[in-house]
Amino acid sequence: MQEAEPMVRIRGLVKRFAGREVLSGIDLDVPAGSVMCIIGPSGSGKSTLLSCINHLERIDGGRLWVGGELVGYREYKGRLYELPERQIAGMRQKVGMVFQHFNLFPHMTALQNIIEAPIRVKGEPAATAKRRAMALVERGGLAAKHASFPAQLSGGEQQRVAIARALAMEPQLMLFDEPTSALDPELVGEVLAVMKDLARSGMTMVVVTHELAFAREVGDELTFMDAGLVVERGRPRDVLAAPQEARTRDFLSRVL
Amino acid sequence: MILKLGSDSGVPDVVVPLRHPWTWAASGMAVLIAAAVAVSVATNPAFQWPVVAKYLFDAQILGGLLRTLELTVVAMAMGLVLGTVLAIMRLSANPLLSTLSWLYIWFFRSVPVLVQLIFWYNFGALYPTLVLRVPFGPELYHASMNAVITPLTAALAGLGLAQAAYTAEVIRAGIASVAHGQTRAAKALGMRPATIFVRIVFPQAMRVIIPPVGNEVISMVKSVIALSDLLYTAQLIYARTYETIPLLIVASLWYLAIVSVLSAGQHVLERRYRQR
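Listed in order, the protein sequences are those of chains A and B.
Just so you know, we're using numbering that gives the first Met the number 0 here: the first sequence kicks off at 0 and counts up by one.
Just so you know, we're using numbering that gives the first Met the number 0 here: the second sequence kicks off at 0 and counts up by one.
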């Protein structure tokens, strides 16, 4: 029986920054419709791994497929040819990304942030984009804030706008890079609630996070990374309750 | 009975702001001095205000004013367009483009603008004729260089090309000031490089670019070149009539007017691009 193609397939991924290896051969599959949580100490390479999935970082070795398509390269007769930026941009439309520091466009209102890419990238009519954006804003509980600029919003509100902005492109996959790490503690819950809602709707998600409770409750799989390698992976409940590796036990004992 | 302070006692708090008596005294002094200067300037016959009034809307002066505006607008437009191109080249990952841009900026900022202007005036001495031809083929266009490069075009080329080098650095700094995460977020949404520049990076860079470019425009208005611009026209007239001070006042009044309009324009642009 042939296994279904995973949404994300990573084989032997290597990434170096100025000669220093930050990812040393990562193998990882994320099945469609599942939620993969990645935890690990800072500097373990988990955020870099996320940036490689939508080719915000060029990879230095290995291969990476999203939806069955090779990311960033075209393979021909055993060689990899780097794709031009415009083709990579086309692939990125299918992958939404949420950043630790939100990265909303400060010169645009919340609504303008959300409709910008659908209009400029997909050529969607402004009226349709606005209608869909308002629906997303309401789903995020931000209907009253759609005309506000990012600087007028709280961190939690900004992150919820950022999630709506990514969803407006109707992606097949969502990447979350420590989405709650820059938030005041009392604002973390509102962002996690939006993410839980999204996971329940069947979205494929890769979430780099320090929220172990979220990983336990929402994650289908948990990956622990250290020093550029996948150390341990499994069902979140199992990994968190009974880690098999010494490094995982050590990390968990420090964060729990 | 013990007197309680604050709202507990039922008496509302009265906040007495700190008084600044010396600010008031100094302000009064400044107003007095300003008034004395104004009265002196207005009543001193040596300023020859009737002569100022006579020349303020003189046809020759207005012609000079027009020439100054023409030079500023065209040279600044050249500087902005070419400067933006140079800034983008400078920031390009392509080493050939960024080196070319660096060389241009290095050269045109190093050689004094006056030398550049004189060079363009005398371009006809270096290349007397301008010929456009298909390489090794027939001639398409033939003209005397002095007919192509008039004093006006020489001034425009000199000012515009030099301005581009300065503007390029201002624009480069503006682009560099935009947080890297903005480009990452725009890329992650699938935007192409040109869209990212036009829609995301440049509007945010404008906030940093406008004040120094405002400075550049204002100093461009007053750049001294031997062409029949506003100041030069005033000098021509007083060389003939010896009414030096009134004519310099005429020129200054016009410069004040131009710069006031430009400053207002800058203010409007800054509001348009302000960070909210």
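It should be emphasised that the hints constitute simulated quantities derived from the structure, not laboratory data.
Possibly wrong hints are sitting among the right ones.
[To be verified] Ranges of calculated distance between the beta carbons of each label pair, as one might list FRET restraints:
hint: 1; chain 1: A; residue 1: Glu84; chain 2: B; residue 2: Val147; range: 34 to 42 Å
hint: 2; chain 1: B; residue 1: Tyr272; chain 2: A; residue 2: His100; range: 17 to 25 Å
hint: 3; chain 1: A; residue 1: Ser41; chain 2: B; residue 2: Ala178; range: 30 to 38 Å
hint: 4; chain 1: A; residue 1: Arg15; chain 2: B; residue 2: Ala178; range: 39 to 47 Å
hint: 5; chain 1: A; residue 1: Lys195; chain 2: B; residue 2: Gly180; range: 46 to 54 Å
hint: 6; chain 1: A; residue 1: Gly201; chain 2: B; residue 2: Ala193; range: 33 to 41 Å
hint: 7; chain 1: A; residue 1: His100; chain 2: B; residue 2: Asp12; range: 15 to 23 Å
hint: 8; chain 1: B; residue 1: His266; chain 2: A; residue 2: Gly89; range: 15 to 23 Å
hint: 9; chain 1: B; residue 1: Tyr140; chain 2: A; residue 2: Gln151; range: 32 to 40 Å
hint: 10; chain 1: B; residue 1: Leu90; chain 2: A; residue 2: Ser23; range: 43 to 51 Å
hint: 11; chain 1: A; residue 1: Arg78; chain 2: B; residue 2: Ala193; range: 43 to 51 Å
[Unchecked claim] Which chain A residues stay away from chain B? Per the calculated CB distances, all over 12 Å, these:
hint: 12; residue: Tyr72
hint: 13; residue: Arg73
hint: 14; residue: Gly77
hint: 15; residue: Arg85
hint: 16; residue: Val94
hint: 17; residue: Met107
hint: 18; residue: Ala116
hint: 19; residue: Leu174
hint: 20; residue: Glu185
hint: 21; residue: Gly188
hint: 22; residue: Leu211
hint: 23; residue: Asp219
hint: 24; residue: Ala240
hint: 25; residue: Gln243
hint: 26; residue: Leu255
C-beta atoms are modelled at their ideal positions from N, C-alpha and C, and glycine is treated no differently.
Review point. Regarding the assertion that Asp219(A) does not contact chain B, is the least Cβ-Cβ distance greater than 12 Å?
Key: Since the minimum Cβ distance to chain B is about 23 Å, Asp219(A) lies beyond 12 Å and the statement holds.
**Study point:** Beyond 12 Å from each Cβ of chain B, as asserted for Ala116(A)
**Key:** violated (4 Å)
Review point. CB of Arg78(A) to CB of Ala193(B), is that within 43 to 51 Å?
Key: violated (29 Å)
Point to revise | Range hint compliance [Cβ, Tyr140(B) to Gln151(A), 32 to 40 Å] | key: violated (59 Å)
Review point. For Leu174(A), is the shortest beta carbon distance to chain B beyond 12 Å?
Key: Non-interface label on Leu174(A) violated, nearest chain B Cβ at 8 Å vs cutoff 12 Å.
Check your understanding: Is it the case that Met107(A) keeps its Cβ farther than 12 Å from each residue Cβ in chain B?
Key -> violated (9 Å)
Exercise for review: Taking the shortest Cβ-to-Cβ distance between Leu255(A) and chain B, state whether it exceeds 12 Å.
Suggested key: Label holds. Min Cβ-Cβ 31 Å, cutoff 12 Å.
Practice item. Evaluate the condition: distance from the CB of Arg85(A) to the nearest CB of chain B exceeds 12 Å. Key: violated (5 Å)
Check your understanding: Between His266(B) and Gly89(A), does the beta-carbon spacing fit 15 to 23 Å?
Key -> Given range 15 to 23 Å: violated, Cβ gap about 42 Å.
Review point. When you look at the beta carbon of Val94(A), is every beta carbon of chain B farther off than 12 Å?
Key: The assertion about Val94(A) is violated, with a minimum of 7 Å to chain B.
Point to revise | Assertion that Gln243(A) lies farther than 12 Å from chain B (Cβ) | key: The claim holds: Gln243(A) sits with its nearest Cβ about 34 Å from chain B, beyond 12 Å.
**Study point:** Check on Gly188(A) being off the interface with chain B, judged by Cβ distance over 12 Å
**Key:** holds (24 Å)
The structure is inconsistent with the numbered hints 3, 4, 5, 7, 8, 9, 10, 11, 15, 16, 17, 18, 19, although it conforms to all the rest.
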